[in-house]
Amino acid sequence: MEDILRVENLSKQFGGLKAVDQFSMNVQRNAIHALIGPNGAGKTTITNLICGEIQQDSGEILFQGESLGTLKVFERARKGIGRTYQNIRLFDTLTVLENMTVAAKVEHSYGMLRTIFSYKSSQMEKKERRDKAMDILKYIGLEHLANEHVRGLPYGNRKILEIGRALVTEPSLLLLDEPAAGLNPSERRRLMDIIYKIHEDQISVFMIEHNMDVIMTISDRITVLNFGKKIAEGTPKEIQNNEEVITAYLGNRFKKQGA
Amino acid sequence: MKKNTRLITMLICLAAALLLPLGISSHYNQVLLNQTVVYIIVALGLNFTMGLSGSFDFSTAAIFGLGSYTTGLLTTKLGINPWIGVVAAIGMGAVVGLVLGFPSLRLRGIYFVLATLGFLEIVRQLLSNMTWLTGGTNGVANIPALEIFGFSLGESRNFYYVALLFLVIGIAISYRIIYSKWGRTLIAIKDNEIAVDGCGIDKASFKIKAYIIGSCFTAFAGSLNAHLFQFIHPADFTFDFTVRFIMMLMLGGLGTIPGCVIGGIVVTILPEMLKFLGEYYWLAFSALMLVMMMFIPYGFASIPDVIRKKVKRAGGKD
Numbered sequence: 001m002e003d004i005l006r007v008e009n010l011s012k013q014f015g016g017l018k019a020v021d022q023f024s025m026n027v028q029r030n031a032i033h034a035l036i037g038p039n040g041a042g043k044t045t046i047t048n049l050i051c052g053e054i055q056q057d058s059g060e061i062l063f064q065g066e067s068l069g070t071l072k073v074f075e076r077a078r079k080g081i082g083r084t085y086q087n088i089r090l091f092d093t094l095t096v097l098e099n100m101t102v103a104a105k106v107e108h109s110y111g112m113l114r115t116i117f118s119y120k121s122s123q124m125e126k127k128e129r130r131d132k133a134m135d136i137l138k139y140i141g142l143e144h145l146a147n148e149h150v151r152g153l154p155y156g157n158r159k160i161l162e163i164g165r166a167l168v169t170e171p172s173l174l175l176l177d178e179p180a181a182g183l184n185p186s187e188r189r190r191l192m193d194i195i196y197k198i199h200e201d202q203i204s205v206f207m208i209e210h211n212m213d214v215i216m217t218i219s220d221r222i223t224v225l226n227f228g229k230k231i232a233e234g235t236p237k238e239i240q241n242n243e244e245v246i247t248a249y250l251g252n253r254f255k256k257q258g259a
Numbered sequence: 001m002k003k004n005t006r007l008i009t010m011l012i013c014l015a016a017a018l019l020l021p022l023g024i025s026s027h028y029n030q031v032l033l034n035q036t037v038v039y040i041i042v043a044l045g046l047n048f049t050m051g052l053s054g055s056f057d058f059s060t061a062a063i064f065g066l067g068s069y070t071t072g073l074l075t076t077k078l079g080i081n082p083w084i085g086v087v088a089a090i091g092m093g094a095v096v097g098l099v100l101g102f103p104s105l106r107l108r109g110i111y112f113v114l115a116t117l118g119f120l121e122i123v124r125q126l127l128s129n130m131t132w133l134t135g136g137t138n139g140v141a142n143i144p145a146l147e148i149f150g151f152s153l154g155e156s157r158n159f160y161y162v163a164l165l166f167l168v169i170g171i172a173i174s175y176r177i178i179y180s181k182w183g184r185t186l187i188a189i190k191d192n193e194i195a196v197d198g199c200g201i202d203k204a205s206f207k208i209k210a211y212i213i214g215s216c217f218t219a220f221a222g223s224l225n226a227h228l229f230q231f232i233h234p235a236d237f238t239f240d241f242t243v244r245f246i247m248m249l250m251l252g253g254l255g256t257i258p259g260c261v262i263g264g265i266v267v268t269i270l271p272e273m274l275k276f277l278g279e280y281y282w283l284a285f286s287a288l289m290l291v292m293m294m295f296i297p298y299g300f301a302s303i304p305d306v307i308r309k310k311v312k313r314a315g316g317k318d
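So the protein sequences, as listed, match chains A and B. Letter 110 of the first sequence, counting from 1, is numbered 110 in the numbering used here, and no numbers are missing. Letter 33 of the second sequence, counting from 1, is numbered 33 in the numbering used here, and no numbers are missing.
Since the hints were derived computationally from the structure, they do not count as laboratory data. All values derive from a computational prediction rather than experimental measurement.
Simulated crosslink set (DSSO-like; lysine-lysine; CA at most 27 Å straight-line):
| id | chain 1 | residue 1 | chain 2 | residue 2 |
| --- | --- | --- | --- | --- |
| 1 | A | Lys105 | B | Lys190 |
| 2 | A | Lys132 | A | Lys79 |
| 3 | B | Lys190 | A | Lys132 |
| 4 | A | Lys79 | A | Lys126 |
| 5 | B | Lys2 | A | Lys138 |
| 6 | B | Lys3 | A | Lys120 |
| 7 | A | Lys18 | A | Lys229 |
| 8 | A | Lys126 | B | Lys2 |
| 9 | A | Lys126 | B | Lys190 |
| 10 | B | Lys190 | A | Lys127 |
| 11 | A | Lys120 | B | Lys2 |
| 12 | B | Lys2 | A | Lys132 |
| 13 | B | Lys309 | B | Lys2 |
| 14 | A | Lys127 | B | Lys2 |
| 15 | B | Lys3 | A | Lys126 |
| 16 | B | Lys312 | B | Lys3 |
| 17 | B | Lys190 | A | Lys79 |
| 18 | A | Lys127 | B | Lys3 |
| 19 | A | Lys138 | A | Lys126 |
| 20 | A | Lys72 | B | Lys190 |
| 21 | A | Lys132 | B | Lys3 |
Using the sequences provided together with the hints, build the complete structure.
Put into structure tokens, the structure is as follows:
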């Protein structure tokens with residue numbers, strides 16, 4: 001299958017620490033690809049490198065066959081890389097709907113002067129943004145909260161809303177940084193349903209996650225990272241039986257389950 | 001229902017503003033009122049940068065001054081029609097906004113604040129020292145008053161009504177911007193810049209355009225001010241003057257239009273009302289500001305919300 005994202009020999013050093021060391025990985029189109037590893041293994045650094053928050057020291061990142069080079073974060077996002085953050089980053093003083101309309105990718109986007117002087121254009125753009133935002137809110141099941149302020153939202157809904165905000169930018173690759181962290185079992189169920197739905201709608205998903213139930217249930221492929229290096233890659237089954245992964249990260253519980 | 005309430009409130013305020021001069025007999029108070037309207041326009045301009053996107057902006061006095069000098073010099077030295085001078089001042093605001101904002105707003109962090117602070121001092125020095133052009137510390141005198149259909153606006157009631165018309169237009173433009181993607185995105189930038197990037201939004205472009213339009217408002221108000229007093233002086237456009245507008249926004253409520261209006265009125269008129277205290281009036285005013293900031297940190301515009309919440313909570317208990 002075709003790769004949507006290719007990471008080749010990526011390295012990043014912070015002072016004396018090699019956070020990412022000669023890391024290579026391919027994410028297949030329409031797959032759910034997970035990146036796991038112990039704390040401090042360099043998972044978030046890799047996500048930040050892909051998004052352009054930080055620049056690599058060496059190596060290359062290719063998205064849909066094109067090198068991302070030194071493109072800025074917003075330029076990469078426009079190319080189709082959407083993301084969520086480990087510590088939720090929402091627009092707290094706006095409403096749920098406004099969080100979505102701000103991010104929405106629309107056909108008609110008008111300049112400031114046109115917004116001021118043409119009532120018709122500004123209303124048209126507003127409606128287009130609102131319709132699109134409402135569609136995605138329905139998709140993630142938050143439409144009943146559209147006019148609530150984000151600040152008062154419970155944690156689980158905030159996490160889901162962040163995924164919605166990434167979806168409304170029409171990404172072809174969605175990066176999720178620990179989507180299940182802090183969710184209770186029923187919220188986790190809801191999250192997995194949404195990730196499945198995204199997957200079925202032909203959006204590739206790349207996620208960092210610690211929750212093994214989530215990872216083993218929904219991933220097509222798993223990459224394991226330790227000390228900035230890739231130590232294994234394969235299907236959930238292969239990973240569960242990989243000796244090195246078990247010693248470094250999983251522990252014996254998963255071996256027993258697999259056997 | 002909520003929209004209707006807002007419309008009715010606005011109409012009542014407008015009616016009050018129209019009737020207000022009839023109750024004023026002294027020339028001094030009329031000029032004060034004219035000045036208040038001009039200052040509210042500046043507050044609306046500053047609101048785009050400081051109120052919405054949250055970056056401190058100290059250049060207000062400099063841009064106001066440049067607007068004043070643009071029309072002041074064009075009309076006195078070249079004898080150009082004052083209205084053309086006003087339009088030139090708006091152009092000056094746009095140019096300054098672009099030149100100052102373009103490099104500094106692309107950088108993350110405090111660079112924009114420092115750039116505006118430096119610019120404020122540079123403009124003041126230039127205005128006082130380029131004597132051949134600006135008249136130095138003598139200022140520019142005999143600036144002609146604005147005229148409309150042969151009526152001189154001078155310092156009178158006529159000026160007030162024309163300035164009020166401009167203020168209403170300024171408010172309309174502000175509403176358009178604040179309640180469109182422009183305003184929402186600027187607020188989003190204040191809330192979380194990193195996430196704005198992640199949504200594929202070129203935030204620098206939003207901030208620069210907001211700064212440019214804000215500068216146009218400020219320079220326009222500066223030109224009105226020059227024609228109102230018919231005399232300008234470099235010492236008028238100092239750091240203190242900038243702080244006055246920052247105070248208006250903080251006190252009125254950042255990012256809101258009623259906040260700009262209320263803040264503008266309070267900060268311009270309250271010190272005058274305290275003048276009976278003699279030389280202590282500014283001290284008393286500052287102390288009052290401090291107390292108000294402690295009790296209503298989100299400004300006057302937030303009072304209805306606070307009351308609504310209190311009522312709701314009380315209702316919930318019953």
